[in-house]
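Q: These are the residues of each chain, in order.
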Amino acid sequence: MVTRWKLQVRGLLWMTRLPIVCVCRVFLIPQVLAKSVRYVYIVRPMSYTVIGKPLRHLEGRAKVTGKAIFTADVALPGMIWGKALRSPLPHAQIVSVDTREAEQMSGVLAVLTAQDLPDVLTGRVVYDTPVLARDRVRFIGEKVAVVAAEDPDIAESALSLIEVEYEELPAVFDPKEAMKAHAPLLHPDYKSYLHAPEKFFSDIPNVHSHVTWEVGNLEEGFAQADRVFDHTFTTHSQHQGFIEPHASVVSVDSDGRAHLWITNKMPVRAQKLLADAVGIPQEQVVVHPVFIGGDFGGKGSLMDSPLCYHLSKRTGRPVKMVMTYTEELMAGNPRHPATISLRTGVTQDGQVVARQAKVVFGSGAYAGFKPVPFVNIPGANQAAGVYGTPHVRIDAYSVYTNCVPGGHVRAPGDLQVNFAVESSMELIAEALGDDLLEFRKRNLLKDGDLLPDGHRLEHVRVDETLEAAIESSNWGKPKTGPHVGRGISASYRHIGTGEANGQISLEPDGTVKVITPVPDTGTGAHTVFQQVVAETWPLPIQKVRVEAKPELFETDSGAGGSRVTYVVGQLFKEMTEELKESVSHVVAEALDCQVGDVVFEDGQYTAKGVERSMTLAQVAKFGLGKTELSIRKTQVNRDKPQVTTFTAQVIEVEVDPDTGQVQILDLVTAHDVGTIINPIGHQGQIDGGVIQGIGFAMIEEVAMEDGQVSTLHLGDYKLPNIKDIPPLKTVLVQEEIGPAPFHSKAIGESSITPVVGAIANAVYDAVGVRIYDLPITAEKIYWALKGQNANVE
Amino acid sequence: MHNFVYREPETLEEVLALLSELGEDAKIIAGGTALIIMLKQRLLMPSHIISLRKLQDADGIDFSEETFQLGTLTTHRAIETSPLVREQIPVLSETYAQVATLRVRNMATVGGSLAHADPNQDPPVTLMALDARVRLASIDGSREVPLDQFFTDYYETVMRPDEVVTRVLIPVPVLQGGAYVKFLPRTSEDYATVGVAATVSIDPKSGECQDCRIVLGGVGPIPLRDQGGEALLKGQKLTTELLREVGDSAERLTDPVSDSRGSAEYKRAMAAIFVSRAVSQAWERALS
Amino acid sequence: MSSNKEIMQTIQLRVNGDEHSIEVPPRRLLIDCLRYDLGLTGTKEGCSVGVCGACTVLMDGQLISSCLALAVFANGRDIVTIEGVARGEQLRKIQNSFMDNGGFQCGICTPGMVISAKALLDENPNPSEDEIKEWMMGNLCRCTGYYQIIKSIQEGTAELADA
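Protein chains in written order, with the numbering used here: chain S, 5 to 797; chain Z, 585 to 872; chain X, 1437 to 1599.
Excised from the complex, chain S in its bound form:
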């Protein structure tokens, strides 16, 4: 059943399609935020008491009062500071390291080089990264030595006293060069590295992972095509831009246990990784929960923590290392630059029938920051976009170069590839003389279509989502100036899978305590858990407490990959049901009745035909030591849902033809959503993703020349500020079919992806400049308008 709603908001007529699946009352809530430019339409059934409420994030008070403790805030008695010496060369043999003078400096407690450490490599999946460079350095910024001192100034002064003799080696920076026959081999022993995935080995030089996704038969597909198009696009590197640089604190106690505080959204995994990196059993690592100052995919590695461990072991003192932002930009784990080549076969009537994609990612000097088992960039598999293409083959190559190692950044690979796909769709439509919107609509994914990774989709709602974006935008309306243009883009994002763990218990005070190993990186995940548990019971929200205790668990997937609400939320929903069941047994025993007769009403337990009632606290006391009122569970969820999430955007820009400067006049983002658990957090993910997407598209670039990053502080690497944000309209196209608890869906990595393609398309519409190479700078547009750049036309 599809209903069309019309509503009048502040004199503007808005229409949106709101399919209704539940036979409940429907609310239309226009939220007016930031002037009169933001409208959110929400349809939600009334049956929930806690789900769907704009609840405060439960850790909010700590955050607005400065009491929330982040890793760099951790202070321990006797704590000292570590600082690393980094390589100034992109590729060199280390001939000698002389630390004698540094060791003599007053206030210096230890100086370590690779010779002082066990000869082990580390990484998130493949162990290819030395803790300190041993024989050679492979990028500018690689750590060569480390100093521990009484304060960071002394440590830094000591670094300047360390003498390293290098013998420079030929370096390679461009992945395409690195793949050539006689390119210098960065990791000749790659195949012997621990966890290097054999299935994805390649014989191409420096390619450490070659992944192929294939559906249909490419040859057959191209045989059906009347026209074949080739387009190649290149993209740049972006830092996650979290405001909190990586930090680690390690204190090795007298029993040899390593206490770890770390900017890591997978703290349980960090215990295992640290244990491996320093050669101790995992039980000897105790991770302590801390707040994380922004993740965006970048905070899943050990970063400096193995060094802290070794320094702590050496000195007997707790050691803290906090990266400067310059170190972040030089040696963090930024988004992978990519070259995306698309070959597309289209029939005379505008049907895309075949797509061959070659995606080459510059992996940088190490692959250890990549968290997926195939050690490549998962977003490459989106090279057919939101378009149902029967014959697809995608080859993704991740290639070692002498550049900063790449890592995951919100929707890794998706942005790069989606920009290529959405740009090429327009190039093809134009070549065919087809309408940009109609060409897209004709090819959209439908129920039952296969994605390039062979995953079959159901409940495909891309058409409605695209339509909603179009209707809320100025698409098709007269333009307000000669250099105004509009661009469309659409994307999908999976709902992630993985392993969830948790503990849930009824406490003597009558509250339900939820213990999770997953930190809340700011997404509101803990509040979501609280809401899921409270709704499932149902309990008032204050009766549910959430605590992060990663140290209690041995394995866990942690936060990331648009996974948490789905896998962890689902687990807590099930565990709540189980705990309720246990509680019913306790109540039945206490009230001397049948379990089936137990009733929970108005926060009290009673039973049919029984006068007495019990509070949760009374139940807890009665059940103490009798029944299991504390449940602990592990659940591995490998079922990638057949329902996915779609995003469609229309962006309107104005280009200054004298300078090439682009101003975004209007941005509409439409999302295919399920039940929204917490509208504050949900909208926050959309807003933040959009602005991060604008940053990627137009503002940010980890600029590199011969492996040297030139944007080395936030004065040069610019992040969007509050004055840079455009008018944003959010359209939520809701249907309760999500696989996550209460039919919710993922949102964290949705809004960021289409932004760059929509801006590129809008620029083309505005001034006829087609961008093939990111970022979309004023300068590129300027030269293109002057007819002077090969990268644009």
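These are computed hints drawn from the structure, not numbers from a lab. The model shown is predicted, which means the values in this text are computed figures rather than measured ones. A portion of the hints provided could be inaccurate.
[To be verified] Short derived list, chain Z residues pointing at chain S, Cβ under 10 Å:
id, residue
1, N587
2, V589
3, Y590
4, A684
5, Q794
6, R845
Cβ atoms here follow ideal geometry from the backbone N, Cα and C, with glycine treated the same way.
With chain S held as given, fit chains Z and X onto it using these hints.
A: Only chains Z and X this time, still in chain S's reference frame:
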């Protein structure tokens, strides 16, 4: 940061005596927003830092002897928000308002910004277009240097190690119309790709330019005054063709470096565009 | 954070109403003095070059970057950090508004945001959207995209909230 001795004299005489004694071993600190970054990066490692922060009467905005005077410790924010500046020299308050962020403007001082001599800054460009002079003091006495003779190279000026900026003087009345146009193609908070200040006076009868100044920032080792362009404008009425010629003149003068704000070629091209934009805006303001 | 070779200087400063007399080397930054000498870790360090605003504090009522000020600058001055915004357990309305409107996510920029927002509201209780943007442009947030921060400031005031 390295170790240093911090001195905080309360009189200018003491400052000058210390400078005379320590010479190159000392660096002056006022707001600290530029110097502290250079200390952190160890680009500078002076043994002594002499603070002006305890000096009395070293800040302030006032008229005297037909000049508009800014004390060396006057903060950017004080100039930006001064009703007197807004009324008398609006382009000056507009310029200071565009510097970095509120926090930096609350600390950064007039004298510090000039002595720092970063060619990417905004205020020197406008001050030069206002014919400002810098008063320098040393133990041997004081001297005034016109701002267009003050800067010598990237981060270098005519100041001797024993000198300190005490005042900035702007002759009044200033030219009728002034504009500072800052080109920020990436974000609203950045150094300019190019920044241009223009001041213009127009003969009300003929509608011709009586006098003008054109100064460019961010496109050379120092702020660049385009006297050639000024000569083209003087005695002329404003036309599109003239604006283009003035822009071309400025472009020839520029010598930018490529960085994250644009390639040298792009900055040169933008210099021409923004000179014509600044001139036409100043012209418009001179007429109103 | 002390080294035996350094010449120490005694400074007296008031932080959140409390008087402190401490010895620091002249090179000590105000941010490090607050975070390590005084244990007030609510003030955060992000970029270290005065751009991001995480280290924002008030000195004699003016917003400054504590990463770009020496601790000796604070001698004889009055400093307010995020820990001094609430009065005990009693929050300011702006703090509640950040919670009610999603003005933070990860929380690392939040102390600086709240301090800046409170200073704005002290000076201008009803700022327009443009005035908010002009004032807050030096406080970077990577999580929120700023829309909910604008709303938080529009709906907040500098007054103390009901306890």
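Q: It remains to establish, for every hint, whether it holds in the given structure.
A: Results of checking the hints against the structure:
A distance limit of 10 Å between C-beta atoms decides the matter here; for Z:N587 the minimum to chain S is near 8 Å, and the interface restraint holds. Hint status for Z:V589 relative to chain S: violated, with the closest Cβ pair at about 15 Å, above 10 Å. Interface restraint check for Z:Y590: the shortest CB-CB distance to chain S comes to about 15 Å, outside 10 Å, so the restraint is violated. Taken as an interface hint, Z:A684 checks out: its beta carbon lies about 9 Å from the nearest beta carbon of chain S, inside 10 Å.
Among the interface hints, the one on Z:Q794 is violated; its C-beta lies about 28 Å from the nearest C-beta in chain S, farther than the 10 Å criterion. About 9 Å separates the beta-carbon of Z:R845 from the nearest beta-carbon of chain S, less than 10 Å, and the hint is met.
Hint compliance for this structure: hints 2, 3, 5 are broken, all remaining hints hold.
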